[in-house]
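Chemist: Here's the letter readout for the chains.
Number of protein chains: 2
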Amino acid sequence: MTQTSDATAASDVTAASGAGVASDAAVGGDATAAGDPVTAGPARVDLFFEPNGTRVRVPPGVTLFDAASWNGIAIDSTCGGHGTCKKCKVRIVDGVVPVSPLDSRAFSPGELRDGWRLACRVVTATDVRVHVPPLVTRPKAATVGVGRQVILRPAAQKRYLELDEPSLADQATDLERVLAAVDDLELRADLHALRVIGRVLRAADYKVTAVIVDDVLIDVQQGDTTGRVYGIAFDLGTTTVVATLLDLSTGTPMAVASMLSKQQPFGADVITRISAVMMDPETLGRLTGLAHESLNELAGEVCQQAGVDPADVLEVAMAGNATMTHLALGIDPEPLGVAPFIMSTRLWPEVLAADIGVSVHPRARAVVFPSFGAYVGGDITAGLLAAGMDRDARTRLFVDVGTNCEIVLGNRDWLLGTAAPAGPAFEGAAIRCGMRAADGAIEVVTMTPDRLELKVIGDAPPAGLCGSGLVDAVAELVRLGLLDRSGRLIPEEDALGVAPGLAPRLTQLGKERVFVLHWLGEPGDVAQSIYLSQRDVRELQFAKAAIATGWDILLEEAGLQPRDIQQVLLAGSFGSYLSPANAIRLGLVPRLPVLRVVSAGNVAGEGAKMALLSMRERAGALALLEEVRYVELSDRADFNDRFVEQLQFPA
Amino acid sequence: MTQTSDATAASDVTAASGAGVASDAAVGGDATAAGDPVTAGPARVDLFFEPNGTRVRVPPGVTLFDAASWNGIAIDSTCGGHGTCKKCKVRIVDGVVPVSPLDSRAFSPGELRDGWRLACRVVTATDVRVHVPPLVTRPKAATVGVGRQVILRPAAQKRYLELDEPSLADQATDLERVLAAVDDLELRADLHALRVIGRVLRAADYKVTAVIVDDVLIDVQQGDTTGRVYGIAFDLGTTTVVATLLDLSTGTPMAVASMLSKQQPFGADVITRISAVMMDPETLGRLTGLAHESLNELAGEVCQQAGVDPADVLEVAMAGNATMTHLALGIDPEPLGVAPFIMSTRLWPEVLAADIGVSVHPRARAVVFPSFGAYVGGDITAGLLAAGMDRDARTRLFVDVGTNCEIVLGNRDWLLGTAAPAGPAFEGAAIRCGMRAADGAIEVVTMTPDRLELKVIGDAPPAGLCGSGLVDAVAELVRLGLLDRSGRLIPEEDALGVAPGLAPRLTQLGKERVFVLHWLGEPGDVAQSIYLSQRDVRELQFAKAAIATGWDILLEEAGLQPRDIQQVLLAGSFGSYLSPANAIRLGLVPRLPVLRVVSAGNVAGEGAKMALLSMRERAGALALLEEVRYVELSDRADFNDRFVEQLQFPA
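Just so you know, the sequences run in chain order A and B. Residues 1 to 651 (the working numbering) are what the first sequence spells out, left to right. Residues 1 to 651 (the working numbering) are what the second sequence spells out, left to right.
None of these hints come from the bench; they were simulated from the model. Honestly, I wouldn't trust all of these hints.
Note that the list lumps identical chains together, so a pair holds whenever it fits in one copy or between two copies.
Taking lysine to any residue and the SDA-like style, the derived pairs with C-alpha atoms no more than 20 Å apart in a straight line are [claimed, not checked]: (1) LYS207 to PRO340; (2) LYS207 to GLU334; (3) LYS262 to GLY300; (4) LYS89 to ASP114.
Note that the structure is predicted; figures quoted are calculated from it, not measured.
Chain A extracted, bound-state conformation:
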């Protein structure tokens, strides 16, 4: 089940800092069977990195630097991708990349002709093959999150010590001897370190490495092992689990791996899994076991990819929603699933990697992200950290689009948060021809009155419609007028006048009206087609209305208008794939200039990385808990009226 190839990359990497991703800019391509043009155009670009041979699939607009960094390919940099250090030199081996103004200053005309570019200035637009030179500097900072530069100060660190041997005149204990040599830290030792310290000091002739996490000496190793300090950031999603191995001494990502959650057989969403636990108490142990297996397999996978000994992984971080986190820690999630939606705790105590089933260093810690509420979980805390929501002067709206949609509004002075039950439409779950964003899923739909174009994931014939394809299809139908504002497919007789080339697709399946996206069999055989049904449209309307009601109420609480929002961040693995233009068209986000709406990428995973790289950022995540005021929607008397209002599509 482990996926480490292109499919993973595609769902993990997206535009980072500021620029919107024009994923609906579909243009022509090869047509496949049954008459519909199915494009393989630039809604995604393929990047191939030499010499390590990694292929990455990203939305256009992501910089080469970010795409590399987020996929475990180290590129030299001291400024972290901000265009000031001019160290991120790469050579374009194949593909066309324009010369940026900064490139002209960084390279000679001959170098530019040879394809040399600064990776942080290369905004991807077409497929390229890139050669990355080996690292020459040791960075003091790393770029992670939404364009955030993090000064490296990991909790996990090592110190190489050459100690004096004890004598009758110097009977200091082994521990005292080691601690005295690390006198800038106030350390305590754990039992594991004490179990090895005596043997290791003597076997190593008192030349040892102290292994430290936070203020605890967790191990003592023979000789100098300071070059091996690693961490693993886990994004524990309901659907997908992603692991990133980081070199904590340089901030360099070393490997990325992901897999579908092994808990899927117990339900696609958290509510179904909570119900499964309620029905059969033994299910809790099984779900916990499956979470542990998922995390541990990924840990093994990234270590193997990078040739790292798991015992050198000294800390892991885990960002997940409240239910996934409870399950991973072996805690009954039932109270999260029924009103009044109570968590066991917001902040977690000290947890070891072993407590979440991850076999790395036996005393490695696990940083578990705290949750704001039952439906604003640790993934959101991590996401807000990655997005810098609490540091930015601009008033921003953070929307993590998914079955449960988390919404945070605010700036560095105040933050309001809530959760909206959007339902599973975006996962393709309640949609007739819906499917997950996997090979064969229609992920981009563009229409003119005469013509329809599709883009399919992978080298496969169309098999169904994933969330972004659903949003595209509905948005295009609204734009063309084939769907009215109330969400009703217009009568067939009216369609001919509105979009003559598409009208034949507007038809009936049994008692329900449908719009055919792709004929799988003979044109006209609706039962054998991929279609959008009237009920599918309703599902999407419910989802978008729930989300819109959420941010609408937050705006009211803040006394603001939509125009006061200076940036909308679309987060989560689905949010990152939404077309900002269509999100606006459907009313999923407030009506704003399209450039104010940007994809923020897999912010939960980025937040987890930040926590590993910097104790300061980790503390920031805890501080966030105090800064966000949670607004509960389910007990608001006006919720239903506002929800019904928001069911309409914007004019």
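Since chain A is already given, all that's left is putting chain B on it; use the hints.
Modeler: Just chain B now, with coordinates in the frame of chain A:
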């Protein structure tokens, strides 16, 4: 191997506060086979407690109150046995007990006639049967250690809480709800508590008990379980392991059990066990496993005796020497066994009962006593705590007599400590007819020029000589002049004039001179007798010289003379059984008035109890570490000369 009957009691309980034990005051009794009078006289007395049916064997001089308390029999008291509360009323059912002045004030003449006495005023001298009424008061303090009264303030505690149910208007997390109700403590929760809190709150209708150890919430239980708060104090000796179950809310000892160390097959003393680990690294794991087994079996035993659920044991304390402690924690003891004798650490980190193999509450803590040095271990820290060495204004000498003899001199202003390698003579190990203090061991020897009397442990014929019998025998021979000051058995021709009745016992076995204590076969058949050999005497001389050199050097370091010592405390399971008079006679302790030399009992176990009952006393044990200055003997140039001087017996 578990011993919980009389034999145990006999080796654990001894005089407590101040009074010397006259264990050499042997008087007549039934003679057994082969001509030597073997007495069952008052060197020990049997106490039988009703209604719980416990039989206890103690040296005369122990108060009924102490004997009961140290054997898990609760007697009412608020003053802790100091004769002020007059609550420790018991009724003597069988046996003769004089009326004390306090009894006359506490009881009517009729009650006195019926046998009513205050238990703390009954100094045992003969066998008695006692009825103990049920408890009526809940004590605030307990008497433990060497007559020390400890205000109850255990780290383990429970709080019964009736909480408000959560609602949409009150979405505090489960943990916040519990912690808010315990607002006088600054608590954190551990993962175990969080794993159960949600289910327990809901199953118990929000009426729960918070289970707290120190500043950690370790559990949440349904309903009111505040009546069940227990701890187990372990005295982890090299030879014997003792466990005492305590009710931490009342300070009442509930049960005591002991067993021979399961590590015995790897050697009788710590050096042999360290050597075993050095020869075969796998031995460490086996010794650790055996320590865990011993501790866990005893824990099960005391819980079963008292009808206590092991899950209600919330904390354990363990006092042991440095080697035994290292082994129990799974730490290689090799550096303790070779110069320069280095410990892993003096202070231990947080350890769970599970880390030392004890299956009680899964999150129960283990208080592990810190060591001063490789040969002044946690048992001595516990012993000094129990003896109040750091609180007493008097200058006192604390001597824990054993294979390794620990010696501490000082008062509340200063403390000096050292360790002297006494060798195994006191364990009966290097002695020809030596044996452990078990059934059949000669434990008391008294002589006149004409006659010899023995006292044997248990209802058994004499089988060998244990440590206290050895000391008695040698002291009596010195007193009568059958041994000269240099430790040589006098010529047989001289013996007839010195002690005509004993002279025939002075004879030869092979090339060695021996003194026969008991004929097992025909009188005259030396090979079939229990005897003391010339070499046995030398072994004892080496042992006593090592000890005497130790305290002599400490006196010199302190600038004091022996007469400046106001009290000598004989500690350890062997020290407590030594006759103070004979200890003085042999020069094991300084030449002082005999009343200044007292038995202190099993102080290590008492210190462990104190740590469980009082956080303040526990902190005191840590403070002691800073207060004792360790004097290393092995690197002193003058050690050998002084040792040779001390080989002689005092004039």
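Chemist: Starting from the hint list further up, note which numbers the structure goes against and sort them upward.
Modeler: none
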